[in-house]
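*Asks:* Sequence:
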Amino acid sequence: MSKKKIENTSNVTAIYVRRSVADRDNNSLSIESQKEDCIKYVGEDCVYRIYCDNGFSGKDTEHRPAFQQMMSDAREGLICRIVVKKYDRFSRNLRDYLNVSDELEKLGVTVYSLSEPFNTSTKEGRMIRNNLLSFAEFERETIAGRVADAYNTRGRETGFYQGGSMSFGYTTQRMTVHGKKGSVLVPSEQANALKLAYEMYAEPSTSLRDILTYFRENNVQYLRTDEYGGKNGNHSGKLNTGSLSAILKNQLYVRADKDVYAYFQSMGYEIVDEVEAYDGIHGVFIHDNSDGGKYVKVGYHEGLVPSELWLRVQDKKAANINFQTNRKAMNSWLVGLLRCKECGLSILIDIQRKKSGREYKYIVDSGWMSIERCVARSYHGMKITDIEDSVLDAIKQRISELEIAHKQKQAPDMEVESVKADILKIDTEIRSLMDRMAEADDVVFAYIQQRIKELHSRKSDLERKLQSKVRKHKAIDTKPLTEPLAVWDSLTVQEKHDIAAEMIEAVYISHHNDDIEVVFGI
Numbered sequence: 001m002s003k004k005k006i007e008n009t010s011n012v013t014a015i016y017v018r019r020s021v022a023d024r025d026n027n028s029l030s031i032e033s034q035k036e037d038c039i040k041y042v043g044e045d046c047v048y049r050i051y052c053d054n055g056f057s058g059k060d061t062e063h064r065p066a067f068q069q070m071m072s073d074a075r076e077g078l079i080c081r082i083v084v085k086k087y088d089r090f091s092r093n094l095r096d097y098l099n100v101s102d103e104l105e106k107l108g109v110t111v112y113s114l115s116e117p118f119n120t121s122t123k124e125g126r127m128i129r130n131n132l133l134s135f136a137e138f139e140r141e142t143i144a145g146r147v148a149d150a151y152n153t154r155g156r157e158t159g160f161y162q163g164g165s166m167s168f169g170y171t172t173q174r175m176t177v178h179g180k181k182g183s184v185l186v187p188s189e190q191a192n193a194l195k196l197a198y199e200m201y202a203e204p205s206t207s208l209r210d211i212l213t214y215f216r217e218n219n220v221q222y223l224r225t226d227e228y229g230g231k232n233g234n235h236s237g238k239l240n241t242g243s244l245s246a247i248l249k250n251q252l253y254v255r256a257d258k259d260v261y262a263y264f265q266s267m268g269y270e271i272v273d274e275v276e277a278y279d280g281i282h283g284v285f286i287h288d289n290s291d292g293g294k295y296v297k298v299g300y301h302e303g304l305v306p307s308e309l310w311l312r313v314q315d316k317k318a319a320n321i322n323f324q325t326n327r328k329a330m331n332s333w334l335v336g337l338l339r340c341k342e343c344g345l346s347i348l349i350d351i352q353r354k355k356s357g358r359e360y361k362y363i364v365d366s367g368w369m370s371i372e373r374c375v376a377r378s379y380h381g382m383k384i385t386d387i388e389d390s391v392l393d394a395i396k397q398r399i400s401e402l403e404i405a406h407k408q409k410q411a412p413d414m415e416v417e418s419v420k421a422d423i424l425k426i427d428t429e430i431r432s433l434m435d436r437m438a439e440a441d442d443v444v445f446a447y448i449q450q451r452i453k454e455l456h457s458r459k460s461d462l463e464r465k466l467q468s469k470v471r472k473h474k475a476i477d478t479k480p481l482t483e484p485l486a487v488w489d490s491l492t493v494q495e496k497h498d499i500a501a502e503m504i505e506a507v508y509i510s511h512h513n514d515d516i517e518v519v520f521g522i
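Residue numbers (my numbering): 1 to 522.
These are computed hints drawn from the structure, not numbers from a lab.
Mixed in with the good hints, there may be bad ones.
Said to hold, decoys possible - Computed spacing ranges between beta-carbons, pair by pair: (1) Gly336 with His178: 25 to 33 Å; (2) Gln397 with Glu302: 30 to 38 Å; (3) Ala446 with Asp498: 44 to 52 Å; (4) Arg464 with Lys316: 37 to 45 Å; (5) Gly55 with Thr110: 23 to 31 Å.
Computed from a prediction, not measured in an experiment: that's the story for all the values here.
Think of the CB as a built atom: it goes at the ideal place given N, C-alpha and C, for glycine as much as any other residue.
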């Protein structure tokens, strides 16, 4: 279907179409049907642009890229009206709709519905529209509640895998159990690596880093080769200390027996099955309750880790958490703020004690503890005290800049203008893609829509960056910050950390030349 070339943007009609996953069985709400009906309504001679959100829910407008682009164009005066097949295509959330419609009214942009052709310029028309949207919102909430209830009921009644991210060490297989069909977890090629990780970590002197090093040096198979192998995170088997730690505390793997039953009781979980179901063979699922708690259901899958071994690992992890919590705050007031400039992961503080009793604190990259290893293995013996001195100097400099800004109300710098320009370029490209949508076949349409999603994601990142930049140049009262600096040496480590965390987003360390970059949040 062709579309006339846009010559006068002030007369452009926006055609907005949306179809959620829940609408897939309703042919009258297909994307093509909505487009054809709306184009027929406005007429072939009308200058229009199509904004399409395929597969997006109507619960809000914030997460719909085409809708957000349409609103951006409305704010720039590029469209004069919006046409939808039904008001609930616009939004099923009444409050969301009213907020948007109020803004559009101020912008001089009207909204027309093909299915509800009443006059919204009158009180009666607006009342009818709002009532319809209220019913649509009620319907959406009812459907969402039914889906949640169905998921909760199925989770309580069966031991099938309920979907979501595939866990390390398992894959799925369709089976019939007790006359019902569903997906059951079965061991994957990662299972041996998982068992080995539990066995190694149960040893008192073995750390997470030791396990990753052993896997790497002995070519232990931990990556997937099945259909989940192309995904990120634990799906593919990429391991670092964080993901390995999560694996070692996952209840999914334990061959649940009576001791595990008692453990879950001590954790305050709701236990669905009788104690007899804890047979020392099958694993369990932990599901969220509607009241915010958790409940345990014995699964149809076999556990991979004996209960005695799994419980020993939990005891060790609990002891380590308590130790690290008590020890962490004493190491440095920069705890949690240090990042590697190469891989972006956290930098940890390593304490070394000499025979003389003197204690030295160095830094080590947690990315090095990843099984893929960050290139920044070491930082040439950089001492945390030297980094603290540099960061403190940067804090003083930043406060000085803020004091000047407070007095002069200085404007944002050129970097802010550069970010704004990048956002405008993205808007231009998105509008160009929107213009091509009406003439595109299904294949090209899908590619265009994917590109628009990518651009909208990039635009969102830039908008967050812009807000951060503007915030940094905002006039701030520095008195609450300057007063603690005057008595810095007398402050506790925790007090120093609180001040640093309030001002700093991250401190990036480069292993090439030991450069330190402080990124401020104010």
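*Asks:* All the hints need checking, so say for each whether the structure fits it.
*Replies:* Going down the list of hints, with the structure as the test:
Restraint check, Gly336 to His178: a C-beta distance of roughly 48 Å breaks the suggested window 25 to 33 Å. The beta-carbon spacing between Gln397 and Glu302, approximately 60 Å, falls outside the hinted interval of 30 to 38 Å. Separated by about 50 Å at the C-beta atoms, Ala446 and Asp498 satisfy the suggested range of 44 to 52 Å. Taking the beta carbon of each, Arg464 and Lys316 are about 39 Å apart, inside 37 to 45 Å as hinted.
The hint said 23 to 31 Å for the Cβ distance between Gly55 and Thr110, and at roughly 27 Å that hint holds.
When held up to the earlier numbered hints, the structure conflicts with 1, 2 and fits the remainder.
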